[in-house]
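What follows is each chain in one-letter form.
2 protein chains.
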Amino acid sequence: MTQAHPPRAFIVSQGEEILTGLVVDTNANFLCGRLTDLGLRVRGVITAGDRIEEIASALSSATDQGEVVVCTGGLGPTDDDLTAEAVAVAFQRRLEFHPEAMKQVEQRFAAIGRQAAASDRRQAMLPAGARLIPNALGTAPGFALEPSPGHHLWCLPGVPSEMKPMWHEFVTDDARRLFNITEPLRRLFRVMGRGESRLQDLLGDLPSRFPGIELGFRAHMPENQVKLVAEPEAAESLDAAVAELRQRLGKDLFSEEEDVGLAEVVGRMLLQRGERLALAESCTGGLIGHRCVSVAGSSQWLERGFITYSNSAKRENLGVADATLQKLGAVSEETALEMAAGARRAAGADWAIAVTGISGPSGGSADKPVGTTCFAVDGPTGTRSRTLRFGRDRNSNRSWAAAIALDMLRRQLLRAGQ
Amino acid sequence: MTQAHPPRAFIVSQGEEILTGLVVDTNANFLCGRLTDLGLRVRGVITAGDRIEEIASALSSATDQGEVVVCTGGLGPTDDDLTAEAVAVAFQRRLEFHPEAMKQVEQRFAAIGRQAAASDRRQAMLPAGARLIPNALGTAPGFALEPSPGHHLWCLPGVPSEMKPMWHEFVTDDARRLFNITEPLRRLFRVMGRGESRLQDLLGDLPSRFPGIELGFRAHMPENQVKLVAEPEAAESLDAAVAELRQRLGKDLFSEEEDVGLAEVVGRMLLQRGERLALAESCTGGLIGHRCVSVAGSSQWLERGFITYSNSAKRENLGVADATLQKLGAVSEETALEMAAGARRAAGADWAIAVTGISGPSGGSADKPVGTTCFAVDGPTGTRSRTLRFGRDRNSNRSWAAAIALDMLRRQLLRAGQ
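Residue numbers (the numbering used here), protein chains in the order written: chain C, 86 to 503; chain L, 86 to 503.
The shape of chain C in the complex, shown without the other chains (with noise of 0.2 Å):
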């Protein structure tokens, strides 16, 4: 069979402690991700608590809108185990004893040294004409059913490490055989400097042009994220769009990797230029040597970092003159040029980023209020300083402050040439 348009796919999970709030649908996530690489369109997510009839109605409403539904948890030996129960209202089937999940079961109790007791026989019921799942790892079997004609349910258990290795080694290879999938194209640029509602008006007309593109947004502040998606049938429109795109973002463009973010391209330049880096974080007060650090291999690029969050500290360990902080202030740019200028000379670095503002929620004033943030990069072509106010909350204000620092350097360094 060859799909016109890609099967529509939904998700059904299940759990009172996802409904509660005492547990992240990881579950969904994964499912989503994995479905979405098959080349299937994910229409929805619906979770529903441990009673029936929720569950009944959660799979029919899936049922009912798409082609694919994949249900997770439910699947074990409690009283509030009630997938398959709920599955055989939602579809009308009678629940079978199936002699093959029950002697699963039974496998998965001699390999740990145990004996199914009474109510693990409850996972051997399963509704009329579905076919097992393997689980090899844990005793819930999980099942595949038709529930009408051209509708296919998947139903695995809700533990993560059960339900991956169940999906990797079944689910995929029967949905691929059921469907003649193609699976779309995905281009992703993660950009700098510019807005959500600029990235609209730089960007919108590009479907128009461009016959066959999706294109989308997701805001990451400061950074945003611009997506096209294209069947393989219009791989050289996508192909087109993406030069145009490329070419309107320019320097505001920082990577086309997913989890590629601003420090490791600034890693990246400066490996490739051989040079070395030191960080003065005063407000920021270590998240950019974080970042930089959760980079693989930053030691090579990374030399050190101070953070100088007291007067002292900035005198002490990065050579700033008394006399600048007396009357400048510790949040100017001219503090946080002597800031990047000491932390270079201290490191031996070739390059040195410098932050210091006024998180907040205290500390502010009339001529400097929360969120003034000053921003100095040093570096062999020389030195660059700025002032922004953030009016965020004070996490988010350092947050914000440590991606701006890291995207200085990178277009300092963008200038410097490769």
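Worth flagging that the hints you see were computed from the coordinates, not collected in a lab.
Misleading hints may appear alongside valid ones.
For chains that are exact copies, the list does not tell them apart, and a pair is met inside one copy or across any two.
As the list claims (entries may be wrong) - Here are the simulated EDC-like cross-link-like pairs (lysine to aspartate or glutamate), alpha carbons at most 16 Å apart as the crow flies:
no., residue 1, residue 2
1, LYS412, ASP452
2, LYS312, GLU329
3, LYS249, ASP478
4, LYS312, ASP135
5, LYS312, GLU102
6, LYS312, ASP290
7, LYS312, ASP165
8, LYS312, ASP122
Chain L: place on chain C using the hints.
The following block gives chain L in isolation, referenced to the frame of chain C:
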């Protein structure tokens, strides 16, 4: 209105980035927890994509099944921000220009020194009858609506740092006013040094010993959290259970406040003693500093920090002996002790923490595999050091190390007497 049964709540979240697995839906988790705290029963979460008919269908389905619906996301200025339109479709309302909302959008732009763009006017188009929910931290206004008598819908932005304050500052009071809710009593206990199964063994008998008490656990490794919940009638029983629990947990219990973590606990102890802290971070790369500086007022107790990623930084800034680095290596308790002593001396601080370890993925050896991490605390009551071996990925290792370093300091401060 007094509720015989607590109102049923649904969450509608949205975003292609959730459905494609790019983002974990932490907003839904936050709202599930807060609605539960308020005494509402969350019966489902529905996640829809960025299409009007899908969001409208999710909203209708949620409103059919529950009295309370909280919707997040889709309130921004771009074409894929469709919540207001979806609400209009789902509940047959016109979209109206809302001058108060526009004023707020304009004020937000003015605050950051920009002008609202044409596309930003979209954000002021709200369904007829909507009440504005002010957004102090972003341009996207939220809104509240009564889609049908006795049913209440709150629409909040998807950016967590905007959504959460709007929840706390508007929705909770609104919900309390609209529903006569009896909030269950909840107590939280934050614990270091005991795993979940040990906590279960230690505390599992509490619900049977103290009637009306529910016990729950939540892993936030290396921290674990214990929750006790009781209806208001069981207040006395709860107090007795709390006393028993505190006694059993002893010094492993470090906080009973949701938003007071290890860094703040340590900061309060330092503040009370009038003492100051210095940091010497190698593998944690600034993460401990970052956690300290996340605490408002930390400038009163955090003196400074050194991110001594390289050996030369350890020697030059902290006075670690070359012989120690040569003979015992950068990842050794002796190096950690010298780092702590050096940081304390250089900063003129009362206390110092040092961490040095192999985060991975490379850099391990048979003798010191990836995850080996050495800690030291130096203070007025002497020194303490230990070595742990983490077996997780690079970033988890560092996060664990930061928590354990702060906890070591906390225990030393406890010993020093408050």
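Evaluated hints:
no. : hint               : in the structure
1   : LYS412 with ASP452 : within (14 Å within a copy, 54 Å between copies)
2   : LYS312 with GLU329 : within (14 Å within a copy, 54 Å between copies)
3   : LYS249 with ASP478 : between (30 Å within a copy, 12 Å between copies)
4   : LYS312 with ASP135 : between (36 Å within a copy, 14 Å between copies)
5   : LYS312 with GLU102 : between (32 Å within a copy, 10 Å between copies)
6   : LYS312 with ASP290 : within (14 Å within a copy, 52 Å between copies)
7   : LYS312 with ASP165 : between (39 Å within a copy, 12 Å between copies)
8   : LYS312 with ASP122 : within (12 Å within a copy, 37 Å between copies)
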